[in-house]
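Undergrad: Spelled out, the chains give:
Protein chains: 2
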Amino acid sequence: MIVISERINGLFKSVSKAIDSRDTQFLQNLAREQVAAGADVLDINTGPGVDDPSGIMKWMVETVQDAVDAQLSIDTPNVQAMEAGISAAKGKVIINSTTAEAAKMDALFPLAQKYDSDMICLTLDEKGIPNDANSRAEFAMVMVAKAVEFGISTDKLYLDPLVLPVGAAQDQGMKVLEALGMFKAIADPAPKTVVGLSNVSNNTKERPLLNRTYLVMLLAYGLDAAIMDPSDTEVMEAAKASEILLNKKLYADDFLRV
Amino acid sequence: MIVISERINGLFKSVSKAIDSRDTQFLQNLAREQVAAGADVLDINTGPGVDDPSGIMKWMVETVQDAVDAQLSIDTPNVQAMEAGISAAKGKVIINSTTAEAAKMDALFPLAQKYDSDMICLTLDEKGIPNDANSRAEFAMVMVAKAVEFGISTDKLYLDPLVLPVGAAQDQGMKVLEALGMFKAIADPAPKTVVGLSNVSNNTKERPLLNRTYLVMLLAYGLDAAIMDPSDTEVMEAAKASEILLNKKLYADDFLRV
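Residue numbers (my numbering), protein chains in the order written: chain A, 76 to 333; chain B, 76 to 333.
Worth double-checking, as some hints may not be accurate.
[Stated by the list, open to error] Taking lysine-lysine pairs in the BS3-like style, the calculated list, with each CA pair at most 25 Å apart, reads:
id : chain 1 : residue 1 : chain 2 : residue 2
1  : A       : K259      : B       : K250
2  : A       : K231      : A       : K323
3  : A       : K280      : B       : K323
4  : B       : K250      : A       : K250
5  : B       : K133      : A       : K315
6  : B       : K315      : A       : K315
7  : A       : K280      : B       : K250
8  : A       : K280      : B       : K324
Hints listed in this document are in silico derivations from the structure and should not be mistaken for laboratory results.
With the sequences and hints as input, model every part of the structure.
TA: Structure follows, in structure tokens:
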């Protein structure tokens with residue numbers, strides 16, 4: 076699976092502090108830790124309410140990529156900051172994220188086309204969030220159609236079925252699992268699938284247990300990538316055991332250390 | 076889910092010793108522990124190579140049911156010991172197990188009919204073990220047809236897709252998951268499904284991690300019951316979290332203690 080670290084995000088107090096003081100070393104150490112823990116991609120998010128989102132995003136991207144070679148995911152609702160992040164990055168990035176809202180798509184698909192970016196596509200629009208697998212697939216189809224219109228290969232999309240908190244929307248867990256298989260069948264080449272894993276445990280106790288248990292289920296239904304915390308060793312062990320059980324990595328007695 | 080404890084089994088040295096010395100108290104304490112840990116059903120197995128399998132099975136059943144009210148699963152390849160166990164039990168038992176072999180079915184389906192027992196049905200026959208989901212479903216259909224012939228309601232069957240060790244048969248993990256859905260569609264009322272969970276980790280390191288990870292996957296594909304060790308608290312927590320995420324138990328902040 077593709078592990079996208081959620082930790083380089085101004086929502087975390089320590090990261091917010093490092094941003095305010097332009098603490099290069101803190102950010103670079105955090106990036107190295109995340110990669111060492113198993114992150115394949117680093118999500119870069121300035122956090123809300125910053126003065127100069129474009130300048131800060133550019134600084135974060137440059138700082139992080141001076142420390143590690145991992146792919147970056149540029150995570151901002153601000154289109155200017157998005158382009159600042161994309162153009163500061165040495166490699167191809169993941170745009171995080173569009174939705175099926177017309178204004179969002181009109182702003183972000185041209186960027187994805189221009190920079191040959193991958194793109195996370197949240198299956199919702201201005202009218203709201205989906206409540207079953209079919210409505211998730213319908214939103215997904217809108218964005219897949221838009222990608223085709225822009226000549227973007229459909230396997231550059233990461234379709235996100237929107238994991239909802241189990242404490243608030245308990246009936247949605249199985250529906251997200253069902254949506255994953257539907258997403259894969261929407262286009263050829265098959266789109267990738269991604270979730271924001273920790274949403275499932277928002278406002279619950281037992282967050283790590285719920286996160287890792289749901290990740291195992293998602294992987295068993297074909298999930299490709301998750302935005303998650305690789306420094307949680309138990310969720311990473313569950314992911315590795317899942318890949319062994321699903322025959323995606325060759326079994327070895329010491330598979331946890333491979 | 077239905078948790079069937081695997082611990083009251085002469086394969087475990089301490090149990091074998093208790094059987095040899097007819098240690099009533101040991102066996103009753105073990106039974107109480109298993110029920111307290113979350114076992115719904117206790118599997119009763121004399122272990123191999125005992126002198127008087129029928130007498131020992133009768134003693135084990137009587138001893139255990141004097142301590143706890145849980146349903147019993149009579150686990151023996153010996154047909155006389157099976158009937159000794161069934162007839163010693165106060166309640167209706169689970170016969171563990173028949174296969175699709177003609178001789179097995181001819182011996183055990185009449186017992187299931189006579190005593191109104193549930194029955195675990197292993198999907199294999201004299202020609203061997205299955206290697207894909209379809210062959211598992213074919214074996215299952217043979218036993219479902221036999222149940223119908225004997226007037227046994229198909230929801231009294233626990234179809235077992237045969238979990239194989241991931242280290243030896245890594246490609247079978249996903250095939251077992253696929254088989255579970257096929258089993259449910261074979262008959263109306265739908266048969267139940269069961270696995271011997273710990274087989275998945277036979278001869279591997281990381282046994283508890285592989286057991287609990289695979290259980291989560293199996294539950295996400297609709298598994299009803301597992302023969303497992305409820306005294307492994309982590310596998311039980313994974314099972315509880317799964318039931319919450321699959322909306323089979325109502326979410327509560329303290330769901331682990333409910």
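Undergrad: Next step is simple, just say for each hint if it's right about the structure.
TA: Now the hints, each set against the structure:
With a CA separation close to 19 Å, the supplied pair K259/A and K250/B stays within the 25 Å bound. Of the supplied pair hints, the one linking K231/A and K323/A holds, its CA atoms being roughly 21 Å apart against a limit of 25 Å. A threshold of 25 Å between alpha carbons decides the hint, and for K280/A with K323/B the separation of about 18 Å falls inside it, so the pair holds. Between the alpha carbons of K250/B and K250/A the distance comes to roughly 22 Å, so the proposed pair stays at or under 25 Å and holds.
Using a Cα cut-off of 25 Å, the hinted pair K133/B and K315/A is violated, with the two alpha carbons roughly 44 Å apart. This hinted pair checks out: K315/B and K315/A have alpha carbons roughly 21 Å apart, not beyond 25 Å. Note on K280/A and K250/B: the hinted pairing is violated, with a Cα-Cα distance of about 34 Å set against a maximum of 25 Å. Note on K280/A and K324/B: the hinted pairing holds, with a Cα-Cα distance of about 16 Å set against a maximum of 25 Å.
Violation of the numbered hints given earlier is confined to hints 5, 7; the remaining hints are satisfied by the structure.
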